[in-house]
Structure formats: C-alpha cells, structure tokens
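K.L.:
Listed here are the chains, written in short residue letters.
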Amino acid sequence: MVSYSALVLILVLIAVLTLLGVNSAAFAQETTERYLSARIEIWALFYRLMVVAFVIGAVVMGTMTYVIWRFRESHPKNRGDITPAAGGGAHH
Amino acid sequence: MVLEVRKPRPLWEILFSTHHTDIGLLYIIFSLTLFFLGGALAISIRTELFLPGAQVFEDANTFNRVFTVHGTTMLFLWVIPFAAGIGNYLIPIMVRYKDMAWPKLNAVAFWMIPVGAALVWLGFADTTWNAYPPYSILRAPGPAAEMWIFGLKILGISSILGAINFVVTILKMKHPDLPMMKLPLFTWSILSTSLIILMSMPTFAAALIMLYTDRLGVSGFFNPAMGGDPLAYQHLFWFTFHPEVYVFVIPAIGMIYEIIPKFSRKPIFSYTSGITAFILLTIVSFASWAHHMFATGMSFTEKTVFMIGTLAAVPASAMHIFNWIATMWGGRIRFKAPIAFVVGGIITFFLAGAGGVVNSAMPLDFLTHDSYWVVGHMHLFLMGIITFAFVGFIYYLFPLITGRMYNERAAMIQFWLMFIGVFLVFVTQHLLGLYGMPRRVVDYVPVEPLIIMNQISTVGAYMLLVGMGIFLFNLIKSAGWGKPANMEDPFGIREKYYDYRRREPHH
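Just so you know, the sequences run in chain order A and B. At position 31 of the first sequence (counting the first as 1) the number is 30 in numbering that gives the first Met the number 0, and the numbers step up by one without a gap. At position 240 of the second sequence (counting the first as 1) the number is 239 in numbering that gives the first Met the number 0, and the numbers step up by one without a gap.
In isolation and in its complexed conformation, chain A is listed as follows (with noise of 0.2 Å):
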C-alpha cells in the first residue's frame, strides 16, 4: 500500500514537472519570430503530459483491475462464510 507521504511526493513531482514544462512554452505567442519553435514546443509538451497520464493511467487502471480480479466475492481465496469486517460498515 503506498503510503500517504509517498502519494504526496509523487503528485508534487508531477506538478514540478508539469510547471518547468509549461513555464518554457507560456509565452509561446508573443513574438513572431519565435511562432513557429514555439508551437513544437507545445506540441512537445503535450505529448510529454501525455506520457505522465498515461503512465499514471496505467498505474492506478492497473490496482483498479487488479483490485477488482483479486477482491471479487468469487475469487477462491475470498470464497466461504461472510463475515463482515470490523468497523461495521460504511457510516462507522
């Protein structure tokens, strides 16, 4: 289980990441000359944002399925007599 701290270093990361990127291209159109690098640069940035999402995309569709494969009520290690755990439910 990743821990809360964990969570938290890796999405101030990603913002990092995602700020140096879009502080190089902000100023994209203000002149002219630079019109034309600046649009590969935001094309670059996108494909790059688009990477970090579909990593992240993948991380957590992954847990999604495996949670879902693993913890299902028909796995055969989830299989026998429901007891349900303590805490009692979801309004505690």
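No lab work stands behind these hints: they were computed from the structure. Every residue gets a Cβ at the ideal spot worked out from N, C-alpha and C, and that includes glycine. A couple of the hints might just be wrong.
Unchecked claim - Now the stretches of chain A that chain B is said to cover, found in silico as 3 or more residues with beta-carbon under 8 Å: (1) 6-14; (2) 39-48; (3) 51-58; (4) 62-74.
With chain A fixed as given, assemble chain B onto it according to the hints.
P.N.:
Chain B in isolation, oriented as in the chain A frame:
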C-alpha cells in the same frame, strides 16, 4: 416501502405531497424523463454528424437550437435535479429527522423546475448553453432567448431554495446525538454542493438580468457598441459554472461513497480524508473559473493563477480515487450492478481528469480550445462518472423506492453497453479535437479521419441508446412486476440497508 408500489396511492397525493420521499421521487422521475429527452436530442446530433453534409437538420440554426436545449437539459434538468432528488430522499433519513427543514419550501423548489423546463423546451433557444454575448444579446432570435433566460432564472432560484433547505436540514435539524463526523459522506457531499450553489449561483442570476436588459436595449453591460464588455459576461458565467462542475460531480462522489463500502463489505478506508477532499474541492472550485477563458487574451499572471488554481483540484480528486481503491482493497466485492457502474465511473473519472490536466495547462489549452476535445472531456465527466454513479445509485435505491428488485442481467448488459459506448463516443471526440474539428458545427470537412472518427462516435452513441432503452424497460417492468425484495438486505451482502420501515405522516 416508501413508495408502496404494491399499495399505490392516488397520484394527486404524491404530486401535492410535501414529504421528502415524495418530493425526492418526483425529482428523480422528472430528471430521468428529461434525461431520456435530452438523450434523444443527443442521438439526433450524432446522427447528423455520422456523415458530412446535411443528414437530419436542414439548417445550422436548427442544429444550434438542438444542441443548446440538449446541453441545458442535461446539466440543469438531469444532473442537478437528480442529485437533489436523491438528497431529498436520503438526507432526512441520514440526519435522523422527520423531513427536510422546510417541507413546503422543498415542494416549491421542485415545482419551479417543470416551469423552468417548459420555458427552455418551448422556447428552444439557439444561444448555446453558455449564451455568450454579443450573439445572445444582439442576434439570438426571441422570444426563445428570453424564455431561456427566464427558464434558467427559475431553475437557479429553485437550486438556491433547495440548497438552503439542505444546509439547514443537515446543520440544524440533525439528531443532537449525531455528530457531524459521524454523518455519512453522502451527507457531506450534499452539504458541500449546497454551499457551492449558495456562493456561486447569485452571480449568474445577476448576469442573467444583465443579459436580459441588454437584449431589451436598455443597458449595454455586455454590448461593445454601448461600451460594454462581452468578456465580463464570461467571467460572471464561469464564476458560477466552474464551481457548478463540482455541484455536478460531488453528489456523484457521495453516492460512490455509499456504494463502495457496502459492496466491498468494508468500512471506508479513510472517512476523514473523504471529508477533507470534499472541503478542498469546495474551496478550489472557486479558484479556477477563468481557465475556460485562456484564449481570450488574459495576462500571463492571470493565466498562471487560474492554471494553478485548477491543478489544485487534482490532489483532492486523487484523494477520493485513492480512498475508493483502498476501500475495495482486501474486501469481498460482490459485483452487482450498482458497484459495476461505480467502478466504470471511477475509470472514466480518472480519464476525464487526465484530459482536464491537459486543458488546464495554458499553452496546451490553445490546442484544445473550442475543439471537439472539450466536448469529449466534458461529456466523459458527465456521461462517465456522474451518470454512471447516478445510474448505479438508482439501482441501489430501487428496492427502497419500489420494494422490488430490478433485473440484474439486464442491468449488467446495460452497464457493458454504456461502458463501451462512452469510450467509443467521448474518447474518440478527444481525438477529433486534436485533428482540428471545432465544436458546435453541423457539418465538417469531408476528410477520411474526421469521417471515420465521427462514425465511431455515432456508433458508440447508438450503443448508449440501446443501453438506455434497456434501462428504461428495466425500471418500468421491475417497478411494476419485479421480484419482491428482501428489504433487510436486498443485495445479499449482509450490510445495513436504509430503514425501509420509515413511515412519517404525510403533511
């Protein structure tokens, strides 16, 4: 049973009731009806775009009217009233009070909605659901635009009245022995939503009056010819409607928190982080409205502020997703329709959120602005997590409302049709946007990639149509002739269900 289908009451008794379950039921039935009507308009739009050239609509103006009413219907007559309906049904039960704080006001708030809906549908305006000036004040045909303005005005007042009622019911009418930190997260979600409505909606109410007086020609708030500024309207509009995005999604998140622990047979992983995330979302919802306006020539500083404000929603949303996954982890999940829809909704929530991060990065926003990417992104949220959570929750509440069980197999077929359909329609629309297809167009350039992607999108829309047909059939047939539910534990999960014995005297 609350609805007592097997011992039906006269219709007038439900229509004129002020009891929270009756009002809740009216909200739910009304919003579902409008959902199907708005869906029919969506199908006509997708049919039109199946091929380039005219297919369904003779002229662009009719097309504009159709997508305007489609958008207005889905946002204001499906999502908001449905959440209010579920809130009406459950909040008094959850806070252990006999009814909403002001039952008559509650009934008034509901009955304003059909009036607003009638104005929107009879007018059939073409302003788009944003009604941006100068078109909406100078050229949009009347009286349709006026009817739209008054319809939205009435719907806004209804939302405010409903929100006041929820806030007072939760904060002042809850049982004295029930501390806030023991309330279900769904109650917190409705509280957050209501606070957002109360803070944001008056701004749009003022903007609508200004829009109307501009149309009359007696003012020029947004009319450049009279010294006004159309962008001022965009600020007022998005100050209300970016927070409104959270008004749409937060109740859905609350419903997911009701379903996941029950079907995973585990307590919520972190109740406190759920509340924290709701509070964070409520706050940051007001810090990001101008990210809809990056292309309007804002200064770099403004754009940076709103970009960071938008990204601030990511940690709070991630907390919810983490919480749901951690709750399911180690559980014994019984995959009935409610949790199937919820899991599908979480997956689309993540995808839509990832697309949103791209939108919020200001240079990238120029790539996607006013393109079909935006249509795909918005719909992935609305048809993805929000509608999936709502449909899942209808199935979850079905035994409480009707005393009967829905058809599980039909519900699962519907789930798969909708899950695949949503991906086909809306992920494809993201790509259409990257290929340069603008939004809100009746026709497009007849080039192969656009034609193929539009056709994929339309096929997905027809899958959604079939899914919705099954949904409607399932609801009607099961409500009338479904198997009587075991009301103590209708899903056989050995978890506490809502108190079906709750019978309060009708007012």
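K.L.:
So which hints don't hold here, by number, going up?
P.N.:
none
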